[in-house]
Structures are given as C-alpha cells and as structure tokens.
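Protein chains in written order, with the numbering used here: chain G, 1 to 235; chain C, 1 to 208.
Worth double-checking, as some hints may not be accurate.
[What the hints assert, rightly or not] Dumping the calculated DSS-like pairs for lysine-lysine here, alpha-carbon to alpha-carbon at most 27 Å:
| id | chain 1 | residue 1 | chain 2 | residue 2 |
| --- | --- | --- | --- | --- |
| 1 | C | K127 | C | K160 |
| 2 | G | K146 | C | K58 |
| 3 | C | K96 | C | K71 |
| 4 | C | K96 | C | K189 |
| 5 | C | K188 | C | K58 |
| 6 | C | K188 | C | K127 |
| 7 | C | K96 | G | K146 |
| 8 | C | K58 | C | K127 |
| 9 | C | K96 | G | K223 |
| 10 | C | K72 | C | K84 |
| 11 | C | K72 | C | K188 |
| 12 | C | K84 | C | K58 |
| 13 | G | K146 | C | K84 |
| 14 | C | K127 | C | K84 |
| 15 | C | K127 | G | K91 |
Just so you know, these hints were derived from the structure itself, not from any lab.
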Amino acid sequence: MKIVLFLFFLLVVFSSPAFAQEAQSNIERIKFGNPAGGFGTGGTSNIPKATGDIRQGLIDSFGITLNGFDNEHLQWFWNLFWSTSNTNFPKLTSGITIQANGYSGISEMIGCSPGFVNVNLGQYSPEAFFKFIATHEIGHYIQACKPANETKIVEQRNAHDSEGALSEYASNTARCFPGWNNNYNEDYADMIAYYLHPSAGLSSGPSSCGLTNNPQNPFSTGKFPLHLSIAEEIL
Amino acid sequence: MIRITKITIASLVVLFALLLFIGLVFLRFNIREKETNTTPEIESSKTLPQITQTSPVKRTVIGVTTEEEVKKRYQIISSTSNNKGGIDHRINSIWKSRPNIIETTSGIVSFERALAPLNPNEPGFSKISTYLSSLGEPEERINGSLYYGPFASVYVYASKGVSFVGNPNTDEIYEFQYFNPISVDEYKKVYGQDIDPNPQQHRFDPNN
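I would like the entire structure built from these sequences, with the hints used as guidance.
Structure below.
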C-alpha cells in the first residue's frame, strides 16, 4: 500500500506545472544550442550537398534570394541555412535579398524593403569567414527590419549595458570608425554571428583597427550569460 | 482489516499534507514571478490617475504640471541641472541606458521624454502609422538616431510641441518627446542631441 501511495506521490510531483515548465525550458535550450550539423563544429558536418540549381533551392527552401553569387558561395549559403534550420534564423531572414559584391568588396546592410537588395556581401574565403560576415550583416537586417518582440533589441541593449560589448570590435566601433558610434548595433550583429558560429574565432571589425587576430568566441568565455540567453531566445 | 484502514487514512493525511505543501510552493513561485515582472513605474501608472490621457505613456502637461506633482507621482531615480537652466528628473524605462525624462524649468514641466513599450500587448505600444494618421505628415522627418541607430527616424511636429522616434521598417515608436511649440530649427538646436548627423550602418571592408 505504501508503495502504491509513493508511486502516486511521484506522479503528482512530476505532473505539476512547475516541473512541466522546467522540462519545457530544457527542451528549448537544447534546441537553440544545437543547430543541425553540429553546434561548435562550424556546422558543415552531415549537411547534404546541394545539387542542381542551388540558388533556386535556397529560394524554395528558405525564402532567401541571392543574386550574383558563384556556385561555391551558394553552396556555403546552403550549408549555413541548412545548419541553422532548427533555429529561428531562416524564419527571421525569409524574404531577404542579398547581392554579391565581388570577391573582396564591401559588405553592408542597406535596407529592409522586400523585393529590393537588403544586404551587399563580398564573396570572401574561406567558408567559415564568409559565413561569419554573412551572419553579422544579416544580424543587422534582423535587428533593423523585424519587430522588437522578435529581435529583443531592448534586452540586448540592457545586456550590453550590464555585461559590456560582446566583442572587442563592438567595444571599439567609435575608435575603428571615427564619427560612428554604433556599439549597440555592432554588438547585436556580433551576437547573432558568434552564436551561429561558436568555433569561428573571427572578427567582423576592420583589420586596420588593430583588433586581436583570431579572438576566442565570446560565448565560450562564460562572461556573457545575458547575451547568450537573449541569443537563445531570438534564435 | 481495521488496521489496514487506519494505515490508509494516515497515508491519505500524509499525502494531503504533501499536496498542500506542493501547492503552496507553486503558489509562492508564481507570486514571486509576477513580482519580478512588475516595474515600479508601471505600478505607479496603474495606481495613480494619469495627469493626461493624450498618450498612454505621457505623464505630464507641458507648461502646466508642477515639479512638486512630478516628484509626488513618480519614482525619480535622479535629478540633475541641465544646460538649459532646467532640471532633468529621470524615471526608469524599459531601456536601462535611456530613462524617461521630465524637465522642469522654474518649477513647471518644460519637456518630457516618454519611452514607449515595445510589446504589442502592453498599453502604450504605439505605431508610427497611427500617429501619421492623426497628426498628418511631420514638419520634418530626420533619418538616424544616435541612440536607436541609423535605421530609426525622428518625426518632428515642432509647432505642435511633439516629436517621436521610431523604426519605419517595423512601424514601432520607441519614444515620444513633448515640449512647448517651437520651430523645427529650434527643436534641432534645443532637443536634437540624439539626431545622428551621419546615419550610416557599419560596412565591412576586407581591404581596410
């Protein structure tokens, strides 16, 4: 009889709303922290190679339009979107148009209008660097073009004010670009980029600014729990 | 048989006590969560009558509300003299580094910066399109805000004593500013510190 009562007690505890909420929270954290293809691996393992018209495949599968890119960079985009397909990244970027800007051209987010070019992007190499800069610039697009309850811009700024800027570049935007003072914006774009490229060790800042080469991913330092929590919530 | 019944009753009493305990813990957890989600200024706006209903986030009437009333009604986090001969009283907002401001000059409110919530379900959430419909086209729309970024715009209705900053891409209003009616040039000179003279997004240049 006591055993029956004990089992009944366990049933009550594990079916309580507080326990259910905690379990749900863990499921979400697992989902956000592990993009398909392997969080922490650069996201290229287990990704099927795109065949046929990759550009059309990206439009059909993810709703992103890429103009002027060569097949190699289209494949890298395919890898990026495939590897993040179990996050909100494809949903937040659906409808975006990205224009290739040569192989060493300037990359920038230029607007939000549907059907027009939203981001100019250089076709850099290697793949990890290209994808890092792509997600940084797309991060600006998300920040500027999507509603605040999805982008969490308020929470990100408050995190910046509490923890400081995520990257060395985001701490020094004004120094790197005299007259520009968009530390919050660069912090946002780097938050997206570092979260999706946990092992990248790359920087989105200009080389002329004297920033550390091959910096550690800020999320792996454990110094930015608020930024990490917000990135998880957004993505 | 009698013994078994006694055990059963005792067990049921223990079980009931445990369930009661779990219920109380859960109730306390919920109350704590609600407490942490309620900021003092929202609390005060709920419990105290609004001075004006012009906008849900507006706290004062320019040229009418007194400094004494402001101090009585709102939780001021700091007050400092400004370079216009007035006193800026700061009230917490959703943005940690951009508080609401009520400026008083000679004891009367002369300027108010009121931050709007960005949760569509909160009272005070405001859309640019709604205000364009009611106020008409602004006397000047200036692209670029130093705080909110190059994608934000400032909509100036200087002769009506109001301006707001928002994101035209998302239709969201970030903040309202209220002041005594002036010219656009005066607005830029007196209240235009946040206007970005060079609103550009960062560009990544691999050759630099």
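Structure-based check of each hint:
A threshold of 27 Å between alpha carbons decides the hint, and for K127 (chain C) with K160 (chain C) the separation of about 19 Å falls inside it, so the pair holds. At roughly 26 Å between alpha-carbon atoms, K146 (chain G) and K58 (chain C) fall within 27 Å of each other, so this suggested pair holds. Distance check on the hinted pair: K96 (chain C) and K71 (chain C) sit about 21 Å apart at the alpha-carbon level, within 27 Å; holds. With a C-alpha separation of about 26 Å, the suggested pairing of K96 (chain C) with K189 (chain C) holds against the 27 Å cut-off.
With a C-alpha separation of about 21 Å, the suggested pair K188 (chain C) and K58 (chain C) falls inside the 27 Å cut-off, and the hint holds. Between the alpha carbons of K188 (chain C) and K127 (chain C) the distance comes to roughly 23 Å, so the proposed pair stays at or under 27 Å and holds. Taking the CA atoms of K96 (chain C) and K146 (chain G), the gap is near 21 Å; set against the 27 Å cutoff, the hint holds. Among the hinted pairs, K58 (chain C) with K127 (chain C) is consistent with the structure: their alpha-carbon atoms are about 15 Å apart, no more than 27 Å.
Between K96 (chain C) and K223 (chain G), the direct Cα distance comes to roughly 19 Å. Compliance with the 27 Å bound is thereby established for this hinted pair. At most 27 Å may separate the alpha-carbon atoms for a hinted pair to count; K72 (chain C) and K84 (chain C) meet this at roughly 24 Å. Restraint check for K72 (chain C) and K188 (chain C): the C-alpha separation of about 31 Å exceeds 27 Å, so the hint is violated. A threshold of 27 Å between alpha carbons decides the hint, and for K84 (chain C) with K58 (chain C) the separation of about 22 Å falls inside it, so the pair holds.
Of the supplied pair hints, the one linking K146 (chain G) and K84 (chain C) is violated, its CA atoms being roughly 37 Å apart against a limit of 27 Å. Between K127 (chain C) and K84 (chain C) the CA atoms are separated by roughly 31 Å; this puts the pair beyond 27 Å, and the hint is violated. Proximity of K127 (chain C) to K91 (chain G) is assessed by CA-CA distance (about 23 Å); at most 27 Å being required, the pair is judged to hold.
In this structure, the hints that do not hold are numbers 11, 13 and 14, in rising order.
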